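Use the sequences and the hints to build the structure in full.
2 protein chains.
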Amino acid sequence: MTEPSTKKSRSHPPYELLYWPGIPGRGEFIRLAFEASGVSYTDIGNESKEGIQQILALKADDSLGADGNSPAFAPPALRIPGEGKGGKPLLIYQTSCILSYLGDRLGLAGEDEAEKHWVLSHALTALDLNNETHDTHHPIATMKYYEEQKEEALKKAADFREARIPKFFGFFERVLKANKDQGQGKYLVGAKLSFADTTLWQVLDGLKFAFPNELAAREGEFPLLFGTFYPSVKEEKGIKEYLASKRRLPYSQGIFRHYPELDRQK
Amino acid sequence: MTEPSTKKSRSHPPYELLYWPGIPGRGEFIRLAFEASGVSYTDIGNESKEGIQQILALKADDSLGADGNSPAFAPPALRIPGEGKGGKPLLIYQTSCILSYLGDRLGLAGEDEAEKHWVLSHALTALDLNNETHDTHHPIATMKYYEEQKEEALKKAADFREARIPKFFGFFERVLKANKDQGQGKYLVGAKLSFADTTLWQVLDGLKFAFPNELAAREGEFPLLFGTFYPSVKEEKGIKEYLASKRRLPYSQGIFRHYPELDRQK
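Residue numbers (the numbering used here), protein chains in the order written: chain A, 1 to 266; chain B, 267 to 532.
You may find that some hints are simply not true.
With a Cα cut of at most 16 angstroms, we get these calculated EDC-like pairs of lysine to aspartate or glutamate [to be verified]:
{"no.": "1", "chain 1": "B", "residue 1": "Lys416", "chain 2": "A", "residue 2": "Glu151"}
{"no.": "2", "chain 1": "B", "residue 1": "Lys443", "chain 2": "A", "residue 2": "Asp61"}
{"no.": "3", "chain 1": "A", "residue 1": "Lys150", "chain 2": "A", "residue 2": "Asp61"}
{"no.": "4", "chain 1": "B", "residue 1": "Lys433", "chain 2": "A", "residue 2": "Asp61"}
{"no.": "5", "chain 1": "A", "residue 1": "Lys155", "chain 2": "B", "residue 2": "Asp328"}
{"no.": "6", "chain 1": "B", "residue 1": "Lys351", "chain 2": "A", "residue 2": "Glu111"}
{"no.": "7", "chain 1": "A", "residue 1": "Lys167", "chain 2": "B", "residue 2": "Asp328"}
{"no.": "8", "chain 1": "B", "residue 1": "Lys351", "chain 2": "A", "residue 2": "Asp61"}
{"no.": "9", "chain 1": "B", "residue 1": "Lys354", "chain 2": "A", "residue 2": "Asp61"}
{"no.": "10", "chain 1": "A", "residue 1": "Lys167", "chain 2": "B", "residue 2": "Asp327"}
{"no.": "11", "chain 1": "A", "residue 1": "Lys150", "chain 2": "B", "residue 2": "Glu417"}
Incomplete in silico selection of chain A near chain B, CB under 7 angstroms [what the hints assert, rightly or not]:
{"no.": "12", "residue": "Leu64"}
{"no.": "13", "residue": "Pro71"}
{"no.": "14", "residue": "Phe73"}
{"no.": "15", "residue": "Gly84"}
{"no.": "16", "residue": "Gln94"}
{"no.": "17", "residue": "Tyr101"}
{"no.": "18", "residue": "Ser121"}
{"no.": "19", "residue": "Glu152"}
{"no.": "20", "residue": "Lys156"}
{"no.": "21", "residue": "Tyr259"}
{"no.": "22", "residue": "Asp263"}
Don't read these hints as lab results, they were simulated from the structure.
Predicted, not measured: the structure shown is a model, and the values here were computed from it.
C-beta: ideal position from N, C-alpha, C; glycine also.
This is the structure:
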């Protein structure tokens with residue numbers, strides 16, 4: 001159990017994050033949005049021992065949804081008391097859908113219609129990179145052990161490092177460059193922080209943990225991304241406080257795993 | 267080149283779909299949204315020989331975006347003349363982001379805030395299944411040939427058929443069941459067609475092409491999904507007309523490929 005994430009704002013509904021305890025995982029993209037904006041939320045899985053039961057119920061193979069909500073495929077999910085039909089809790093799932101819902105409410109969604117859709121698009125692209133990272137250690141079967149698919153993982157990770165990482169990093173470098181007048185290399189869209197920034201930042205941070213050699217060798221190729229964007233987002237007030245807190249969970253056996261054999265060999 | 271997709275409605279802006287010519291691919295999810303709602307669009311890649319140049323320009327490795335738009339990672343993209351900054355065209359990308367943009371405008375996004383987010387969530391889950399289908403024939407490297415990763419594809423496809431297909435189908439069966447009072451097994455959310463329905467329908471249709479043995483063996487396990495939902499969406503007026511037109515492209519070497527060795531062996 002980590003320290004409660006209760007923070008200053010109380011003009012918002014009491015948001016509840018439903019995600020596995022003990023790992024950053026896909027829940028981290030939602031946590032970062034709350035933390036960056038200083039809006040309070042309850043991290044159900046991490047703040048009580050019984051919390052995990054709610055997450056297991058959410059994804060049960062026979063669930064027909066609760067409180068009149070449509071069923072959810074997998075965590076993370078967001079529950080918002082009072083916002084559902086007939087005053088019941090609203091429950092939504094899928095990381096990017098939750099970010100889209102919160103983006104407007106937390107002031108992280110861009111300033112106008114165009115920016116709003118670019119923010120969502122770029123967040124989705126960062127989440128694609130997140131998924132591809134997961135697949136480097138699980139290229140064949142999500143539910144089997146890494147050791148059972150290590151041979152394939154070595155091949156997948158080589159392609160990821162050599163083809164996918166430069167493609168994604170090169171793209172985001174161009175997004176920052178195209179927005180440099182407004183964003184100064186610090187923001188992907190417009191002149192302020194959005195959930196596209198926090199989402200991409202988390203993926204870059206996870207990649208630094210999982211592929212330290214590869215990232216160290218690549219950083220110089222993408223000066224805006226690693227020279228300006230990454231350190232700048234890390235210093236955003238809410239993010240900086242969060243990273244220094246016990247609420248920030250260490251990487252371990254989730255999406256970002258450090259298997260030295262999958263990294264660039266020195 | 268296929269026949270022009272110009273249809274009745276002219277109260278909408280002249281939407282332009284930017285996607286590779288000749289294959290359904292991820293562009294098909296956007297086409298189905300337009301066709302289901304009877305709103306006209308131009309399919310740039312398929313309606314002129316020169317169209318592909320615009321798609322290549324969109325994803326060029328040195329693109330900084332056009333008309334003041336943020337760069338796009340990959341097609342599909344949607345261009346909407348007059349809707350961008352300063353009256354220029356707006357350009358957005360990522361399938362689910364485009365569907366989210368169009369959903370409100372085409373009447374395919376659900377009736378209220380709760381339904382709107384469930385529609386987006388379920389569409390995202392159907393698109394996850396679409397991506398996992400792609401990975402059955404390309405588990406190691408997107409840019410290499412199937413024949414170069416066939417051994418791994420056999421393993422990936424076995425897990426997909428045995429673990430992933432029943433998980434996704436079981437989930438969508440429950441979504442239909444939970445909404446049966448309103449949706450009658452025909453709609454995932456609420457009492458009318460949404461882009462979650464058209465998106466899931468397309469994935470099911472593609473899977474029937476790619477894994478005919480597996481699907482034939484599985485259909486009876488999911489009576490709402492295959493007995494009601496699939497045939498019902500296929501009969502929706504706009505969809506039915508579209509499927510009978512030359513605009514509907516055949517599956518070939520895109521996401522949905524029929525490799526008999528990856529299917530269930532009889």
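Outcome of the hint check:
1. At roughly 14 angstroms between alpha-carbon atoms, lysine 416(B) and glutamate 151(A) fall within 16 angstroms of each other, so this suggested pair holds.
2. For a cut-off of 16 angstroms, the pair hint linking lysine 443(B) to aspartate 61(A) stands: about 13 angstroms separates their Cα positions.
3. This hinted pair does not check out: lysine 150(A) and aspartate 61(A) have alpha carbons roughly 29 angstroms apart, beyond 16 angstroms.
4. For the given pair, lysine 433(B) sits about 8 angstroms from aspartate 61(A) by alpha-carbon distance, which is consistent with the 16 angstroms threshold.
5. The hinted pair formed by lysine 155(A) and aspartate 328(B) fails the criterion: a straight-line CA distance of about 28 angstroms is larger than 16 angstroms.
6. In summary, the hint linking lysine 351(B) to glutamate 111(A) is supported, as the alpha carbons are separated by about 12 angstroms, within the 16 angstroms threshold.
7. Of the pairs offered as hints, the one joining lysine 167(A) and aspartate 328(B) holds, with about 11 angstroms between alpha carbons and a cut-off of 16 angstroms not exceeded.
8. For a cut-off of 16 angstroms, the pair hint linking lysine 351(B) to aspartate 61(A) is broken: about 46 angstroms separates their Cα positions.
9. Simply put, lysine 354(B) and aspartate 61(A) have alpha-carbon atoms about 48 angstroms apart, too far for the 16 angstroms limit, and the pair is violated.
10. For the hint pairing lysine 167(A) with aspartate 327(B), the CA-to-CA distance comes to about 8 angstroms; that is within 16 angstroms, so the pair holds.
11. With a CA separation close to 14 angstroms, the supplied pair lysine 150(A) and glutamate 417(B) stays within the 16 angstroms bound.
12. For leucine 64(A), the interface hint holds, the least distance from its beta-carbon to any beta-carbon of chain B being 4 angstroms, beneath 7 angstroms.
13. Taking 7 angstroms as the C-beta contact cut-off toward chain B, the hint placing proline 71(A) at the interface holds, the least distance being around 5 angstroms.
14. The beta carbon of phenylalanine 73(A) is positioned within 7 angstroms of a beta carbon in chain B (closest approach about 5 angstroms), and the interface hint is therefore held.
15. Of the supplied interface hints, the one on glycine 84(A) holds, with its beta-carbon coming within about 6 angstroms of a beta-carbon of chain B, less than 7 angstroms.
16. Checking glutamine 94(A) against chain B: minimum C-beta separation of about 4 angstroms stays under 7 angstroms; hint holds.
17. Restraint check, tyrosine 101(A) versus chain B: the minimum CB separation of about 6 angstroms is within 7 angstroms; hint holds.
18. Contact between serine 121(A) and chain B, as hinted, is supported at the beta carbon level, the nearest pair being about 4 angstroms apart and thus within 7 angstroms.
19. Because the beta carbon of glutamate 152(A) sits about 5 angstroms from the nearest beta carbon in chain B, less than 7 angstroms, this interface hint is met.
20. Restraint check, lysine 156(A) versus chain B: the minimum CB separation of about 5 angstroms is within 7 angstroms; hint holds.
21. With 7 angstroms as the threshold, the beta carbon of tyrosine 259(A) stays out of range of chain B, its nearest partner Cβ sitting at about 17 angstroms, so the hint is violated.
22. For aspartate 263(A), the interface hint is violated, since its Cβ never comes within 7 angstroms of a Cβ in chain B; the closest pair sits about 17 angstroms apart.
Of the numbered hints given earlier, the model fails hints 3, 5, 8, 9, 21, 22; all others are met.
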